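There are 4 protein chains.
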Amino acid sequence: TFPFRVEELEAKAKEKMSKNAFGYTRSGGGGEETLRKNTASFEKYSILPQYLNDVSNVDTSIELFGHTYRHPFLLAPIGMLKTTHEEAELAVAKAAAKLDVPYIQSTVSSYAIEEVAEVSEGSPKWFQLYWSNNENISFNMVKRAEEAGYQAIVLTIDTTMFGWREEDMTNRFSPLKAGYGKANYITDSAFLSTLKQDDEASVVEEILQNIYHPKLSWKHVAELKKRTSLPVLLKGILHPTDARLAIENGVDGIIVSNHGGRQLDGVISSIDALPAVVEEVGGEVPILIDSGIRRGADVVKALALGADAVLLGRPYAYGLALAGQAGVEKVLTNFMQQTRSSLALAGASSVKAARNIHILKD
Amino acid sequence: TFPFRVEELEAKAKEKMSKNAFGYTRSGGGGEETLRKNTASFEKYSILPQYLNDVSNVDTSIELFGHTYRHPFLLAPIGMLKTTHEEAELAVAKAAAKLDVPYIQSTVSSYAIEEVAEVSEGSPKWFQLYWSNNENISFNMVKRAEEAGYQAIVLTIDTTMFGWREEDMTNRFSPLKAGYGKANYITDSAFLSTLKQDDEASVVEEILQNIYHPKLSWKHVAELKKRTSLPVLLKGILHPTDARLAIENGVDGIIVSNHGGRQLDGVISSIDALPAVVEEVGGEVPILIDSGIRRGADVVKALALGADAVLLGRPYAYGLALAGQAGVEKVLTNFMQQTRSSLALAGASSVKAARNIHILKD
Amino acid sequence: TFPFRVEELEAKAKEKMSKNAFGYTRSGGGGEETLRKNTASFEKYSILPQYLNDVSNVDTSIELFGHTYRHPFLLAPIGMLKTTHEEAELAVAKAAAKLDVPYIQSTVSSYAIEEVAEVSEGSPKWFQLYWSNNENISFNMVKRAEEAGYQAIVLTIDTTMFGWREEDMTNRFSPLKAGYGKANYITDSAFLSTLKQDDEASVVEEILQNIYHPKLSWKHVAELKKRTSLPVLLKGILHPTDARLAIENGVDGIIVSNHGGRQLDGVISSIDALPAVVEEVGGEVPILIDSGIRRGADVVKALALGADAVLLGRPYAYGLALAGQAGVEKVLTNFMQQTRSSLALAGASSVKAARNIHILKD
Amino acid sequence: TFPFRVEELEAKAKEKMSKNAFGYTRSGGGGEETLRKNTASFEKYSILPQYLNDVSNVDTSIELFGHTYRHPFLLAPIGMLKTTHEEAELAVAKAAAKLDVPYIQSTVSSYAIEEVAEVSEGSPKWFQLYWSNNENISFNMVKRAEEAGYQAIVLTIDTTMFGWREEDMTNRFSPLKAGYGKANYITDSAFLSTLKQDDEASVVEEILQNIYHPKLSWKHVAELKKRTSLPVLLKGILHPTDARLAIENGVDGIIVSNHGGRQLDGVISSIDALPAVVEEVGGEVPILIDSGIRRGADVVKALALGADAVLLGRPYAYGLALAGQAGVEKVLTNFMQQTRSSLALAGASSVKAARNIHILKD
Ligand SMILES: Cc1cc2nc3c(=O)[nH]c(=O)nc-3n(C[C@H](O)[C@H](O)[C@H](O)COP(=O)(O)O)c2cc1C
Ligand SMILES: Cc1cc2nc3c(=O)[nH]c(=O)nc-3n(C[C@H](O)[C@H](O)[C@H](O)COP(=O)(O)O)c2cc1C
Ligand SMILES: Cc1cc2nc3c(=O)[nH]c(=O)nc-3n(C[C@H](O)[C@H](O)[C@H](O)COP(=O)(O)O)c2cc1C
Ligand SMILES: Cc1cc2nc3c(=O)[nH]c(=O)nc-3n(C[C@H](O)[C@H](O)[C@H](O)COP(=O)(O)O)c2cc1C
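First to last, the sequence lines map onto chains V, D, A and X.
Sequential numbering from 47 applies to the first sequence in my numbering.
Sequential numbering from 47 applies to the second sequence in my numbering.
Sequential numbering from 47 applies to the third sequence in my numbering.
Sequential numbering from 47 applies to the fourth sequence in my numbering.
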């Protein structure tokens, strides 16, 4: 039977997955201080619910960039899902489509944009971009996403190089080198045009050359904005000053995130970073958040502290590991039910109203 | 031999009870953050006792709504006790009667109001109301409690729907569906009159339809006040604004509670919520508290922080599991002795004087 | 080989002692929250040492009530030591005498004042008084202590009745009822004169009648002051107001203590209570402290926060358990060396200078 | 395979080392409160990174006293390394030389200054001085270090006597008495000239006589400054007043350190002590820090809080234990890569820029 507890979900996924894949999925950067803080920090915040308001109609829907979504959560971009399940992003996209949850597909997917689009036609999808040093690849991928009907571009800014991941190093495992994340590249004309040799090793080498992009700066953001008509979000913002700069650079939305504690260890937990960003942004653009969301109460806390929506990460990857598409659906269904009843029990009849829930910090 | 330590009490109850019943009793909502905080929060408060005042006569009695009770605690409403012991609420009521502790009977009891009243004649009892969507049922139950000599009505406001209880879901256990909480319904004329079929399944279905009542609002509270001459308390208040609204709506008393962490996870611990409520209420109505009271020192802290009385919960259910009525009596006797000597050792000769005990928060 | 680590000392004592005796010695009141806080609280304070002052001569001596003692610690009163070792207080007194550490003998000793005095002639000793309801017993014991050359009277104010000790209750063990603490009574003419029958049971019963003395109040303190020329200290003060009252009642010294967490559970740790008492007292009388002192660094912290001396408790009882007098000596010798070098390494050349050590609280 | 995780590094070193050597290396003073705080305190500080600045060129170099070093870390003085590996300081110095990391050699080394200098010619080295009561030895060692081309003198001020090290006492292990730290003495003309007998026992006795130097005071610091043209740093400063006095006494640099928690237990963690020292010093002299640095994120935090460089301690000793020179190199290489990528991911292109990284304290 499919586990209800996220701790059990992880434990069962561990049994099912290869050591390498589980290690890659679970682990964080460095000493995993930030990974631990991501969940532990949520416990610093306590909800002060208010009762005796009719909550028989809870509207969990949100509106982002002109689209209405039925739930205040999206699926975070998780790359290289073939490490976890043969159907990988296809299964995830189908589950998301079925349950009307927007799916943010990663650049380093195991299936290409077009393949994902095909199995999930009509459902809301966003594309997460890892910048390529060869900018044409970046722009081309964005164009492909646009053409495939994706609704937004998420530029991840905290991964211009990979974090110091001790678990993967210990396992001597690099899913990128193992080819799990190449689908979007080998289907990309801009990428292929620069490829000298088309053997596996050259492909991987060329991806690595492109994905290591420490030069990334605000001018690329401005350039990206010019190249696409889709809303652009920055994923990885933790500092309020970066939020301000994002707005000044025309960015359409912000994702407060520390990449699930997988990049620089020792950085602040997302939930602790949220309030200052919310204050700085002052409602000018939507603010999403991820890293450490594990249950309905976390969603309530994030919304109450000013997020407009949250991204779910590892839990759905574990669902995928356990039971493919059906597993992802199960995880999502649980989240939906929890979120709905948590909002109601906190006294909020809508996501907007959740902003008024009183939170006390220890 | 009957355990003195509450931790051992729980451990022994676990051995004796069915997995389902123990899981149902012990567990909390969601990730059990609030359940943990309920007990852990008490440790944030330290007592600064004062000595060298004659404490040879400690008066532990309290007065509530014109009644004098011998101890500053009551038994919290715990439903469906047949999961735990065949004699269920009868055993608890008899123990409470014997030791002169007021017993708050739950709507979802395994024995009906009249059955409980019969075995505990003359002893103080209150009735806890879960609102029914069919208001006639609510009013009729209240009337029956009045007629049975109950002294107050406790309207629980934090359970308009059930919390997300992962342990019960994992066990696929719903005591309500299993029929453990139907006694008050199947003896209720208002309930029976609406029942289409009187088989078990229909009864359960009808209860579920009634007990899920997310429409509950302040206007029902006002209505309830009109329908009964008994004092009405609201159980589940955590936010000072709700306390203020309660007073404005004519409520006679407040129970600060998070339902033992069983409803919305992530909400504030009761003891952390207490001081702000006390300040807001300013003595206008009595304030009771539950959730996490495990020992005499907890009682002292709650009283010192402004509670007028406390409600005991799980510990007496474990006593019932271990030894029926005698077990409940043992738990109560221990609480009485601890509370008396704790008050004395803190330097307070009465419950009123306990309000002057100095508490330091970490 | 004798353990250096206090944790190992306790572990080895546990192996050697009877379950009852170890349980009695180790345990605290209620849920042992205060017992835990006593040691944990010390970790909240960090020393900011200063170097490069000549510390080749560290004067660890203190002066109290006209007497100079070589070390800034005394042995706390621990009753009924025959539970632990046949030689009990005799062994402790001899060890203390040998190392010139003042020993505070308990009322409920296993050997009488005169027996202890005989084996430790000329060494500094204080007498700890548990008030007797029959005041003549109290006054007579004080007189006996005076006659035996004891230098001060310590009136314990936090034990007018026993705490709620779950470990002893679980073990069904009462050392007092088992006769371990009767020596000072059965040698006391005032006690004997009131005894109706002189069998064991009557003796114990009479002790219990006397030692339960919840009437104890400031007027007894004033009376005691009149009856003895020795300095009188109050042991158990935690509240600054009590410290002020003590001074107003002519008390000569204060011992900040929570009785090692053995009385009312949930009270503040001694070290957390110390600063406010120090501020209130303003140097008018000496302030001693106990409860949770385990190592040299704890002594430094207590002195830096304003204590004039500390009392050692459980560690020496464990030393006694392991190796009788030699064990106590070993524990004391370790404390001496640690204290001396800790003072030096903190930059203080004397106990007085330790007051200037800077402490940072978390 | 060589471990990436520092926890695993320690665990494997434990397997390889003798119980005595591992105990000596791992342990701290007293109850190891400070040892624990050294690492735990780092978790109180969270990094608020800023992105989207070109970080393709991270300059990790620092300048100290006119010398440029390629990395912002040095190797802390660790004495008596023959306990750990036959090649001891020679292996460490060679690894440091190969990777261009300055090595601070301890007074109590297993190989002499000249031996170390010979195997690591041309590489940056500093000399750590334990004062000798016979000042001529101190001055002679400093002269030897100067002649061997060492670039700075580090006077350790927190070890005028050894801490209370329970692990070593339990093991009855003193590496100094076992002769592991004598190399610099038996090659020192000033030391040899005072030696009455030249057998092992006399040598050890004479070292002990010299190394216990509680008289050390500011006047020795002033004297030392006169005797050498090299910059002099004080290692062990935790109090801002001592930092001020250091500057007033002409000291050239400060090392905030608690000796890895090995001296007085209960003292503040280095990272908690750093900010006040930085504020007091106001940039007048460089500030280095050690104690608890375990990963790249710790380096970033220390630099952001105002340190100019950090010292690595135990981790390299464990590297030495596991694989001699190669092990030290591995540990250093890991630190270099982590530090470089951590700076980049925190948004700093240089060590100077790291000062602007925003840190949030819990
Ligand atoms: C296995 C794995 C792969 C990930 N891959 C990507 C990715 O390709 N692009 C990206 O922007 N974020 C990636 N992330 C980060 C997630 O988008 C998200 O920020 C993170 O999972 C949130 O933390 P949580 O999983 O602890 O809730 C990945 C996370 C995991 C666990
Ligand atoms: C098994 C169980 C059943 C409960 N049933 C009810 C109920 O029917 N009505 C109600 O208002 N509260 C109910 N409660 C909540 C208690 O009244 C009380 O708020 C809670 O037990 C206090 O927390 P504590 O047990 O941790 O002290 C129940 C609690 C438990 C443990
Ligand atoms: C076994 C035991 C017996 C004690 N008996 C007495 C006593 O007879 N009188 C008294 O004033 N305090 C008594 N105390 C309390 C000690 O004097 C002291 O306050 C306490 O031990 C300090 O805490 P610590 O042992 O944790 O350091 C006793 C403590 C213990 C552990
Ligand atoms: C085994 C060992 C030996 C040490 N010997 C010396 C020494 O001879 N001189 C000195 O100044 N510090 C000495 N130290 C302290 C280190 O220089 C440094 O301050 C400490 O190791 C930093 O703490 P960390 O190892 O936890 O990072 C020693 C430390 C260890 C672990």
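Rather than coming from a laboratory, the hints here were simulated on the basis of the structure.
Model, not experiment: these values are computed from the prediction.
It is possible that some hints are incorrect.
One copy or two, it doesn't matter: identical chains are merged, so the pair holds either way.
Below, in silico cross-link-like pairs of lysine-lysine (DSSO-like), each with a Cα-Cα straight-line distance of 30 Å or less [claimed, not checked]:
(1) Lys376 x Lys242
(2) Lys242 x Lys144
(3) Lys407 x Lys223
(4) Lys407 x Lys242
(5) Lys398 x Lys65
(6) Lys407 x Lys60
(7) Lys60 x Lys265
(8) Lys189 x Lys407
(9) Lys272 x Lys261
(10) Lys376 x Lys265
(11) Lys271 x Lys60
(12) Lys90 x Lys407
(13) Lys189 x Lys90
(14) Lys376 x Lys261
(15) Lys265 x Lys398
Status of each hint after checking the structure:
1. In the homo-oligomer, the alpha carbons of Lys376 and Lys242 never lie at most 30 Å apart, since the shortest distance is 44 Å inside one protomer and 35 Å across protomers.
2. In this homomeric assembly, Lys242 and Lys144 never come within 30 Å of each other (Cα to Cα): the closest approach is 41 Å inside a single copy and 37 Å across copies.
3. Taking identical chains as interchangeable, the C-alpha atoms of Lys407 and Lys223 are never at most 30 Å apart, the minima being 43 Å within one chain and 38 Å between chains.
4. Taking CA atoms no more than 30 Å apart as the test, Lys407 paired with Lys242 passes in neither setting, with 56 Å inside one copy and 50 Å between copies.
5. Taking identical chains as interchangeable, the C-alpha atoms of Lys398 and Lys65 are never at most 30 Å apart, the minima being 42 Å within one chain and 41 Å between chains.
6. For the identical chains of this complex, Lys407 and Lys60 are neighbours neither inside a copy (33 Å) nor across copies (34 Å), given an alpha-carbon limit of 30 Å.
7. In this assembly of identical chains, the alpha carbons of Lys60 and Lys265 never lie at most 30 Å apart, being 42 Å within a copy and 51 Å across copies at closest.
8. In this assembly of identical chains, Lys189 and Lys407 lie within 30 Å of each other by CA distance neither inside one copy nor across copies; the values are 44 Å within and 43 Å between.
9. For the homomeric pair Lys272 and Lys261, the shortest alpha-carbon distance inside one copy (19 Å) is at most 30 Å, but the shortest distance between copies (49 Å) is not.
10. For the identical chains of this complex, Lys376 and Lys265 are neighbours neither inside a copy (42 Å) nor across copies (38 Å), given an alpha-carbon limit of 30 Å.
11. In this homomeric assembly, Lys271 and Lys60 never come within 30 Å of each other (Cα to Cα): the closest approach is 40 Å inside a single copy and 55 Å across copies.
12. In this assembly of identical chains, Lys90 and Lys407 lie within 30 Å of each other by CA distance both inside one copy and across copies; the values are 6 Å within and 14 Å between.
13. In this assembly of identical chains, Lys189 and Lys90 lie within 30 Å of each other by CA distance neither inside one copy nor across copies; the values are 42 Å within and 44 Å between.
14. Proximity of Lys376 to Lys261 under the C-alpha cut-off of 30 Å is restricted to the inter-copy arrangement: shortest distance 28 Å between copies versus 41 Å within a copy.
15. Taking the shortest Cα distances, Lys265 and Lys398 sit within 30 Å of each other only across copies (24 Å), while inside one copy they are farther apart (34 Å).
Hint check: violations occur at hints 1, 2, 3, 4, 5, 6, 7, 8, 10, 11, 13; the rest are consistent with the structure.
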